[in-house]
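Enquirer: Quick one: dock chain against chain with the hints and give me the complex.
Going down the list, the protein sequences come from chains A and B. Take the first sequence: its letter number 348 is residue 348 in this note's numbering, and every next letter is one higher. Adding 1000 to a residue's 1-based position in the second sequence gives its number in this note's numbering.
Hints were generated in silico from the structure; no laboratory data involved. Cβ atoms here follow ideal geometry from the backbone N, Cα and C, with glycine treated the same way. There's no promise every hint is true.
Cross-link-like lysine to any residue pairs, in silico, SDA-like; alpha carbons within 25 Å at most [to be verified]: (1) A:LYS110 - B:GLY1176; (2) B:LYS1161 - A:GLN137; (3) A:LYS166 - A:GLN149.
The following residues of chain A were derived to be distant from chain B, with all beta-carbon distances above 10 Å [stated by the list, open to error]: (4) GLY50; (5) ARG74; (6) PRO106; (7) ALA107; (8) GLU115; (9) LEU133; (10) GLN149; (11) ASN174; (12) ARG210; (13) LEU323; (14) ILE328; (15) SER329; (16) GLU331; (17) ASP338.
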Amino acid sequence: MSIYLHQVTKQYEDNTVVDDVSLEIEQGELFVLLGPSGSGKSTILRLIAGLTTLNAGKISLNGRDVTHLPPQKRHTGFVFQNYSLFQHMTVAQNIGFGLEIQKVPPAQRKARIEELLALIEMSEYGNRLPSQLSGGQQQRVAVARALAQNPDVLLLDEPFGALDVKIRGQLRQNLRSIQKRLNVTAILVTHDQEEAFELADRIGIIDKGRLLEIGTPDQLYRKPGNHFTATFLGNANLFNAHRNGTMIYIGENRIPAPPNTEAFAGKSVQMMFRPEEVVIVPQSAQLNGYFFGEGIIESIAFAGALERVAVKLNPSGEIIQALISPDISRELGLRPGDAVKIGVKNFHLLPTE
Amino acid sequence: MKERNLSLGGILLLLVVLIYAGVLLLAPVAALVSNTFKDGFEPFWKAITDPEALNTLWLSMRLAVLASIFNALLGVMVAWVLVRHNFFGKGLLNALVDLPLVISPVIVGYVMIVLFGRTGWLKDFPIKLAFSWEGMLVLTVFVSLPFVIREIQPVLAGMGKEQEEAAYTLGASPWGTFWRIVFPAIRHALTYGIVLTLARSLGEFGAVAVIGGGTQGSTESATIYIYRSLNDRNYAGAYSMALLLGVIAILILIIMNNLRVHKRGG
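Looking at chain B on its own, in the form it has when it is part of the complex (with noise of 0.2 Å):
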């Protein structure tokens, strides 16, 4: 009796995950499929290769990479800080970290614009911030912060610093130690970490729409050029536009999976 019911319970769950993996994921994808191509294939094409669209996924791709770039570098850093070292006010920076996932980043774009627009406190910034697209990296990076940090934390913490240890007493330098023993170690948590940053940025909209003010032909990206195709009515452009990123982002995805498959097999 007691069995039957769990596998009755069991077929619930099934439904359960089945109905909500299938109305919050795969509707909206086949939404997007089959609207894009609702014409066929010529509408989709010319609206990917329009110059002004391919220009704001140029942009997209850059914020993107440059964020990654920026926030695998201080994402190292900042696990190793909090990891190896002891200080105080340790735990509210480790708190910190956690602030762009908790924060809306509509309001954090409308922050910069308070610090750093035309009556700003900081409006003499040596940059231009807002209203520019360096305004838009520096958001970028601050919305995709945490998953560089939040993957590589737990490796190192988990390693110990007697490897390091080791490779001291064995001669190694603290930077020959660093890339031999260290890297190597959290290499698969900061491809993640990457693949994760990545994709975050690509997808933003709301802070850089804020900070950039979505000026065609300069600080719009491909997540605003998506949204004024919409208002624009421009439908064809929209759903392309959102399909290609899509599938961009599917692709970091199976290529990083694959680059980590390679490298744990040799």
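Next comes chain A alone, as it looks inside the complex (with noise of 0.2 Å):
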């Protein structure tokens, strides 16, 4: 176990930023902390690295415990926000200060800087000054100068939130080839769910300083343990529904449950699925999945590779998202004011809040 974390408690007076939160992370993983801004995410890195003490839990990198320690002896590499580059020192210098302070002889150190330049490709760039440098580069120097000194984790906060979208993601694809081909353990801390999903082996999801739910993005975009998480991940129409039988029950329409479901055994339910699992046809024979109910096309509206579709469902007046590709749209003629099928491709099961 390269990280673990156990029951680690923040609190500032009578504010809980960090609340009980225990998490494992295996050697050479990218874990990525995803969460709305304020939900204690950052706390948890700098928890990590020792920038900031707990109230309470314990934390260990690579079985060692470090939870007492000051930041000087935990062996994290640690990339800002805004990279916080030494200003008066060039990027060599940058990358070489933490080997200076361990006092590597000077043809080593020299050396590693140089590997580490080659790493980011930026052997040209060793004598700039961080002034000299754009945001990507600016970037990829705090990286190499967090992996200077093989620390025995890299945390990153917010790395790419100061870049413009063009930029992020190649530097994505950059921070993961080289985490990958290192393998350092890494934690990325972000709000952006394109990002994690992008980056993460797996995604911790943080809400109000706790850890609701740990999942491949896979696992958490397809089948989210809460509300939260649903949500927080893209869209998601969702439903009470209440399981019975075999069967789930929404208003007077019933669907067969989904395999693995018997936990929820004649308990109420939350229904979700995503708009991309969503059919919409004017006539029931067309329907493929499960039917869901009737409803009346309120808007239609381009996005992209595909249109959003909005539909108001008969005779609750809820509105479910769908998301459909433009030739089937043309195909069948959809348009606003249509009265139309709605079926379920795929669906999940949420306890109800």
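Expert: Next comes the structure, spelled out in structure tokens:
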């Protein structure tokens, strides 16, 4: 176990910022802490790095209890959101700073700096000052600096937050390949679910200081364990339902219960399905998937490769969001105001709030 | 039409600035220089090589240098605490830093006499502050207190504490972090703060005159010497010392400016 957090809690006066968080991360894993701003995810990083002290709990890195060690002795590499490069030092001096502190001999230090500059593909930039670099370049230098001493864990606090969208995608791939090549354990904090999906081996969902759920991106998207995860990770259609026998009852409609949902037997549940699982057709005969209900198309909006269709459900008036391909929409001649049948290809059950 | 009005306004503005600068800055300097050398270079040389005059200059420089060292050290600490720490009364402390700029130095000198004088509340204070050069030093430190603090504060606030935290995670001790990360960042501001402190200290008159009493040969600073010389109608002495002080001030500015340029270049 590379990183181990046990019941970690951090309070500021009456405000609990990190609430009883336990977490285990494997060697070489890229773990993403995902949550809205103010959820306490950055504080967790700072607790691991020792930049903030905890009120309760235990933190181990590579089997070493670091709970009460100062940041200098934790062997973490930290990449700050604003990179925090040392402004008066060159790129090479920034990367070599930690090595110099550890009194690594100059020749060895120089070799390591060159190795890292090559790793971030900035070999020509060793003598530049941070102020002479673009945001993306500064970010890469910050990563190299954090990696210089082969830390036990790489901690990244919203490392792409200050960059524009185009560079972001490129740097994500860069970071991912460096992390995998070095097989360094990493925790990345972000509020951007797309970023989390693209990078993470596993994601931890954080809300109000609590770690709600951990899973692979696919698991969390398709089979979230709670309402917050379901709605935070993209759009979700949610309906109150009841599981009884082998069926799910939603209003007057019933659908066969999915497998492995016996735990919900006899209970109220929430039925969740993503917009891309929705089928909209004019005639029942054309329906594939489970029949969900009837409704009127409220609006059809262009959404890049797909069309975003909102359907008002009869008789409740609830809105169902659907994503369908423009081809199908054209073939069926869908227009706002049309009466349609609604089907669901796949769905998932959540405990009620 | 509008543009012409604007340029007319611009000319007027320029005139006002030039007259203002001319009357307030250049005219006194010109008068000082011409008066000093009215009877040639000889009286000037005699006046500034007079041992009594040199003594007062020496005291002024000693006070200014000591006050600058003291305020440089304490200024960094105070600025640090004001930016990095949160505590009860921080707002008040921050406001108090400007006090020396708004209180008349004469009043502060008088208050010190009341406190530390022969019948004062703190008359048994182990160091004799009333009518002594130590007392003059304390007041010089006081009147020049805000400069270093106010120069460093925005720089510290602007750099944030992440650079320090980054240094910590890379293994640097708090002390090492200060010297390697914080000090280089505030160096220029500190230098400038020290220049202002030196200049302010060298020119102080009211406070040191009151607390020191201006005793010839012991607590008479250069500015007090000028004042006495004027009263004694020793114009050559007064003008010469004034010019010398002015030249020293300008030299400090030039040297410090060069230092800054040099360091930025390297």
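Enquirer: So, against the hints stated earlier in the document, which numbers end up violated here?
Expert: 3, 4, 5, 10
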